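Protein sequences appear in the order of chains P and Z.
Here the first sequence stands for residues 1 to 361, numbered as in the UniProt record's numbering.
Here the second sequence stands for residues 1 to 361, numbered as in the UniProt record's numbering.
Warning: the hint list may mix true and false statements.
To be verified - Partial pick of chain P residues on the chain Z-facing surface, computed with a CB cut under 7 Å:
(1) P12
(2) S36
(3) C82
(4) E110
(5) M223
Bear in mind the hints are in silico, worked out from the structure with no lab data behind them.
Just so we're clear, the structure is a prediction, and the values are computed from it rather than from any experiment.
Just so it is clear, CB atoms sit at the ideal spot from N, CA and C, and this is done for glycine as well.
Protein chains: 2
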Amino acid sequence: MSYRIFNFNPGPAMLPLSVLKQVQEELLDYKGSGMSIMEVSHRSKWFEDVLQDAIARTKRLLGLDDRFRVLFMQGGASMQFCLVPMNLALGDKPLDYVDTGTWSTKAIKEAKIQGKKVRVVASSEDREYTYIPESIPIDEDAAFLHITSNNTIRGTQFREFPRPKKVPLISDMSSDIFSRRFDPAPFGLIYAGAQKNAGPAGVTLVIVREDMLERVPAGLPTMLKYTTYAEKNSLYNTPPSFAIYVTGLVLRWLEEEMGGLEHMEKTNREKAELIYGYLDSQDFYRGTAEPASRSWMNVTFRLPSEELEKAFLEQAQQNGLGGLKGHRSVGGCRASIYNAMPIEGVQALIEFMKDFASKNG
Amino acid sequence: MSYRIFNFNPGPAMLPLSVLKQVQEELLDYKGSGMSIMEVSHRSKWFEDVLQDAIARTKRLLGLDDRFRVLFMQGGASMQFCLVPMNLALGDKPLDYVDTGTWSTKAIKEAKIQGKKVRVVASSEDREYTYIPESIPIDEDAAFLHITSNNTIRGTQFREFPRPKKVPLISDMSSDIFSRRFDPAPFGLIYAGAQKNAGPAGVTLVIVREDMLERVPAGLPTMLKYTTYAEKNSLYNTPPSFAIYVTGLVLRWLEEEMGGLEHMEKTNREKAELIYGYLDSQDFYRGTAEPASRSWMNVTFRLPSEELEKAFLEQAQQNGLGGLKGHRSVGGCRASIYNAMPIEGVQALIEFMKDFASKNG
Chain P
1 MSYRIFNFNP GPAMLPLSVL KQVQEELLDY KGSGMSIMEV SHRSKWFEDV LQDAIARTKR
61 LLGLDDRFRV LFMQGGASMQ FCLVPMNLAL GDKPLDYVDT GTWSTKAIKE AKIQGKKVRV
121 VASSEDREYT YIPESIPIDE DAAFLHITSN NTIRGTQFRE FPRPKKVPLI SDMSSDIFSR
181 RFDPAPFGLI YAGAQKNAGP AGVTLVIVRE DMLERVPAGL PTMLKYTTYA EKNSLYNTPP
241 SFAIYVTGLV LRWLEEEMGG LEHMEKTNRE KAELIYGYLD SQDFYRGTAE PASRSWMNVT
301 FRLPSEELEK AFLEQAQQNG LGGLKGHRSV GGCRASIYNA MPIEGVQALI EFMKDFASKN
361 G
Chain Z
1 MSYRIFNFNP GPAMLPLSVL KQVQEELLDY KGSGMSIMEV SHRSKWFEDV LQDAIARTKR
61 LLGLDDRFRV LFMQGGASMQ FCLVPMNLAL GDKPLDYVDT GTWSTKAIKE AKIQGKKVRV
121 VASSEDREYT YIPESIPIDE DAAFLHITSN NTIRGTQFRE FPRPKKVPLI SDMSSDIFSR
181 RFDPAPFGLI YAGAQKNAGP AGVTLVIVRE DMLERVPAGL PTMLKYTTYA EKNSLYNTPP
241 SFAIYVTGLV LRWLEEEMGG LEHMEKTNRE KAELIYGYLD SQDFYRGTAE PASRSWMNVT
301 FRLPSEELEK AFLEQAQQNG LGGLKGHRSV GGCRASIYNA MPIEGVQALI EFMKDFASKN
361 G
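Same shape as in the complex, but just chain P (with noise of 0.2 Å):
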């Protein structure tokens, strides 16, 4: 047996055990092709079923039709909020962005940066971030309308997506993709960096409706055009092929091990309400979002002190709960529980949390 902790890190997060176990037990010789997995041709049948399996497994998971199309890109978020606008843009339609914090922030000046006109029309800047806004203004003829699902910094999250009959709904959703049901149809396009909730760091999930294509202008550089990708089923060039190949799977293990998304959804809920319910049942410890938008996916919170703070994670870590600390911008202490944090590894976390309250209340 291997020594493993609880681990809360924001991303590169926590992999549910058997995938892992997997990888390993077929590293030096995947599928009897005497080579590894990350020795094989891209271009070879035992790739060519890796990718294959994991758009197919990404199509069912997220019930997506025939209009989709799934992309293996690489560069995390941080390239998509580039591609976006130099991809998407309509004319001198407006860019409308909803600005939730860090990653919407980034996006927004991005977009700016390339000189296109940015709206933003909704902010949650006036409260740190700490929620979600309410109410979404759709402008049905903007060219796209951008959110970010989870804000992994704040700890908030979308619980329902704005509906917007014409205007595409573009997310990037890096924390919780797979995390539940949604609707995909209003979306024109979504992003998610593979590490927090659905795989290793180096692959970029892209989900893109079909009518978005039509959009790419021509003279873009090749590597910097989603129709490169959709054409050539994320071949053009070499992939990111062990990253792909651990995220499908993830997905694998989410269908076959966990149900599909309806009941990793119902898991998820029911760590998100075991954590929240045991913050709000006392008051050592302070949750940082406001309960209506709290994220299922990171829970932020303070301590009375930064030097409790400092003691807890030093305590939680030699407890074998590890990346429990916030973001270096915000401070405090956060626990990521994405889909591969089991409920028992939240209630080990809840426990310790419990004694060092007793002990420094």
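Fit chain Z to the known structure of chain P by using the hints.
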């Protein structure tokens, strides 16, 4: 013991067995962290050490002085085809390229897409890219001079690099970096997708001389600027951490098990001399690259007929010699014998070639 073949794939390619075994061994618990290296934070001490080690080994192996920065990016050489002209053009100065086939041709195309003033100063297109032009005209007033050090498809390789005094040399070294020593001084930038001679797919090594960074236009999107990676030590956003880790292990193997670049170069020369020596000693197989331009990394050859080539590839695979098919754009056969291919693999290939020739000649 796992079943392992001799893997002659052009990339993703063979990795050292000891590296794969180490990855396998520490996959569930990286150095007592209780996490996989895929699960640790990119801002943790664990990953910081991995990154610094990979940078330090790159600098030692290539003899890079303090003017050079080592960056880890994503998107492969194809992304660099776009970023090099975008970042390193200089006013109205021409961008000089040497065209030695597919990859050079693509690099030239991407510079032209951006409307840059491109000059092809030398080309081997006249004889189907089967050689490296002997004399490369050097205009010291150009913005840069771009070459592709090794052409995987045609099996050609620069034996000596051009030696400009002032104009920075830029090279795609995806398929032969770390295969031999060279003087880095004339190079302004070197890039290499890791998946051939340095690691798995999913990370791109970029070596940039500091004066090149002064050229980067301020208004570029953040993720498309070399300065972003240089200023943040490749940690502006989540890097492809697992691919960097494996690359670091390959460089450790190169330094500590293979005895460094001098010894690696000697071994690569021996492997190349063995197989080209055999090719020149008979007339069943025919090498396709002109002798003075032959690559030490990719050995391209034809058999008397396509039918025989098909049989050759099938029987080679059955004999544990994989990945010998030529690139789909040119057909024929190709043995990629990167650093990780032991001399025993080349010997086994030659034995098989002799046997096949005697039965089918």
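Hints, one by one, checked against the model:
For the restraint placing P:P12 at the interface with chain Z, the shortest Cβ-Cβ distance is roughly 6 Å, inside the 7 Å limit, so the hint holds. With a cut of 7 Å, the hint placing P:S36 at the interface with chain Z holds, because the nearest CB-to-CB distance is about 5 Å. Taking 7 Å as the C-beta contact cut-off toward chain Z, the hint placing P:C82 at the interface holds, the least distance being around 4 Å. Look at P:E110: its Cβ gets to within about 6 Å of chain Z, closer than 7 Å, so that hint holds up.
Because the smallest distance between the Cβ of P:M223 and any Cβ of chain Z comes to about 5 Å, under 7 Å, the interface hint for this residue holds.
In this structure, none of the earlier numbered hints is contradicted; all agree with it.
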